[in-house]
Amino acid sequence: MKALTSDPLGIVITGVGGQGNVLMSQVLGRAFLAAGYSVTVGETYGLSQRGGAVLSQVRVTASGVLGPLIPENRADAIVSLEPLEALRVLPVYGHPGVTVITNDRPLLPLGVLSGQERYPAPEELKSSLAGLCGRLYWLPATAVASQLGNPILANLVMLGALLATGLVPLTPEQIDAALGDLFPAPKLALNHAALRQGLALAREG
Amino acid sequence: MSDLTRLTPGVAVLLQGNQALARGALEAGVALAAAYPGNPSSEILESLADSASSAGFHAEWSANEKVALESAAAVSFAGVRGLASMKQNGVNVCLDFIHNLAISGCRGGLVLVTCDDPSGVSSTNEEDARFVARLADLPLIEPATPAQCLALMKYAFELSEAIGQLVVLRSLSRLSHTRAAVTPGALPAGRPRPHWDPADPAQRWATLPVVPRHRVMKQKLQQAGQLMAQAGLNQYQGPERPELVIVASGSSVLYAREAIGLVDAAARVGLLSLAGTWPLPAEILAQRLANAGAVLFAEEIDPFIETEVKAWAAQQGGALAGLSFHGKADGSLPEVGELTPGLVAAALADSLGSPWRSVEAGYLERARATVETLAPVREVGFCPGCPHRASFWAIKQALAVDGRQGIVSGDIGCYTMGHRPTGFQRVNSVHCMGSGLGVASGLGQLKPQGFDQPVVAVVGDSTFYHAGLPALVNARWNQSDYLLIILDNSATAMTGFQPHPGTGLTASGQAGQAVELEKVCQALGLAVEVADPYDLEATQAAIYNAVRQGGLKVLILRRVCALVQGRRGGHPFKMRIDPAKCRGESCGCNRFCSRVFRCPGLYYDEKAGRAAIDEVVCVGCGVCRQICPAGAILAEGEGEAAA
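So the sequences go chain by chain: U and A. So for the first sequence, my numbering puts the first residue at 1; every next one is plus one. So for the second sequence, my numbering puts the first residue at 1; every next one is plus one.
It cannot be assumed that every hint is accurate.
Said to hold, decoys possible - Straight-line distance between alpha carbons at most 30 Å, and here's what the computed DSS-like set of lysine-lysine pairs gives: (1) A:Lys519 with A:Lys396; (2) U:Lys187 with A:Lys574; (3) A:Lys607 with U:Lys126; (4) A:Lys396 with A:Lys154; (5) A:Lys581 with A:Lys607; (6) A:Lys396 with A:Lys218.
Read the hints as simulated data drawn from the structure, not as lab findings.
Based on the sequences and whatever the hints tell you, model everything.
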């Protein structure tokens, strides 16, 4: 078992309902447990599944039992499947040194669709995020996933990117094994590919 | 979900709190588990249903929570173990039965799980259901971790059996949906054969005579307190003479432990972790609070323990009565919303006189200001392709054409969002399961007094069976005048697509006997029409005609939940915008499709100057092509070819 970069390690996974956020946290949680760490995964869903923001938290420690919530402003990494949601959680979980890894693909809130509110321009959003974190990864995860055949794979692309940050002491093979518990064999190859594309993408960026 | 009997005893696995509760019930040898779906509790019965055939017991989705608890109590009367699980609202539905059951008592272990929902993450309220323990003198158990969920579920059955009384186990949305390592124990080799001896006076489960039985009920609670103290459910950790003791239950135990670390106060502060909270654990409280300078209570939703401890301490007098108490009552912690480690840390630091911050103030101000300026709110909404969007669109249009300011009373489910922008704010009142029909029933009596607005009640298929039926019987009997619209999407969609009486499938996915909506309504002598909400024109006409004709009528809008359809192979169309027909700002429609219809799959592309389909989001239901005044939204696919 490799030492954690910080103990407890706290990873926030955020996005919009239906993006596969909860699954991501489960895969990560299983992989950490299999690697011998003590892990707690907190999931928020319910009404938020219906187009609202969804947030999971993965907390890891070498030993002991952690609560389901990362204390305010103490996340080590924020992984977001939607760029606006990365920004939204920063006042709650962010701090000047936090690592933010976000998909660049917007999903428009209802108020934006109806023209009552404005979605920020990508550059504006990107520079605001950069100014509020230590490291920013701004990645075309949905585009990569769509090329692989299904935009839902963006969650695995993002998980791959998280591995590239060096914050998570897990190998792609350990994630593969956790995926194997959750997916039928025919779907595994595509998930493995998405994970590796995310890893490469974040290393390039 | 999954069959939890397959877990290997002694090998730790990542289990959700709800799954751990289910595994605990399996290890306790439950003979019948029943529930009505309701987040955050739904996965308990789902897991049990998936395990029922391997473990050889009965698991069911019941028509409502009261029936679920009555069924569980019945098997307890017959000497075997019963479980009913529900969200906080469900406890209210059961309340009349609970209060009588507490007097009658029971035999086999009987446990009621309530999953309370601080901040109302998936609820219409944030009720604290622990009140039921005090109200009905029932033992109350509050686990803090998934591992405790398993262990304390087993204990709850033993305690119930030892005293012949219902035991309440309280979970929280956060705990129910937390995954952590849980080590399963062994499953029982067998179960006792159920038998109810009709000749045994000790097996007469009734409440009469009330007063002596009420006395027994009080004695059982006292006995429970002794047993819970012996079992060591409540633990203290910290210095012998602490400046302050945090008294915590549920997830707050973990927040409190973390808070002590965050403010670096382990040498000064003790933590009294309570897992058995009712009756109040007086012995350990007296022992641990007598040496403390102050007390901070950390518990979710109501100041239940806080209020009771303060009343108890006043009764004790002496040093206990003179303690300084902090919690929700003095504003140290917020009265509403969920607790967090940071909130508990801040309250602890304030009580110790040394303020604490989670991060430098400058960062927080900048981050908040940026979100405020840049981030539009993400309002909840119907999924792409949701039949409810189409239904509310039709209701809105039909009532607008009718022009008499129709009133719509709503109900509980995804379609509760009918009162939000996604449902065009067309729902005018929402309260609890089934209350939409009751409200309509009363409103539909006002015509003779000059109330000339049409009345419409909207209810989901599952909710109709849960609590709508008695209200409809009432309306029929008393000749109320309204249109009942049943949104039949063939699932209990909000909570995870569980089957209900109309689907005819049972919790384990076996064929049951379907109870058909049409036949139930027709049996009441009501005219029943069925329409497909995806067909906007026909649906609008059906609604308009019904409210124009008046009288009590039923319209079933039938179309499977879009998410269920997605699992069944998806919708038939590929949508696109015809650039020749969509003239953007020059059309005069003022972006009608995106501005008014508001499906997340359809947006206005500022750069192109016309509407666009978001191909990542759109599922291809084809409804939006009916709303474009220019006919610019095209549906390509087999459906169109056939048409």
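Looking back at the numbered hints, which does the structure fail to meet, lowest number first?
4 and 6
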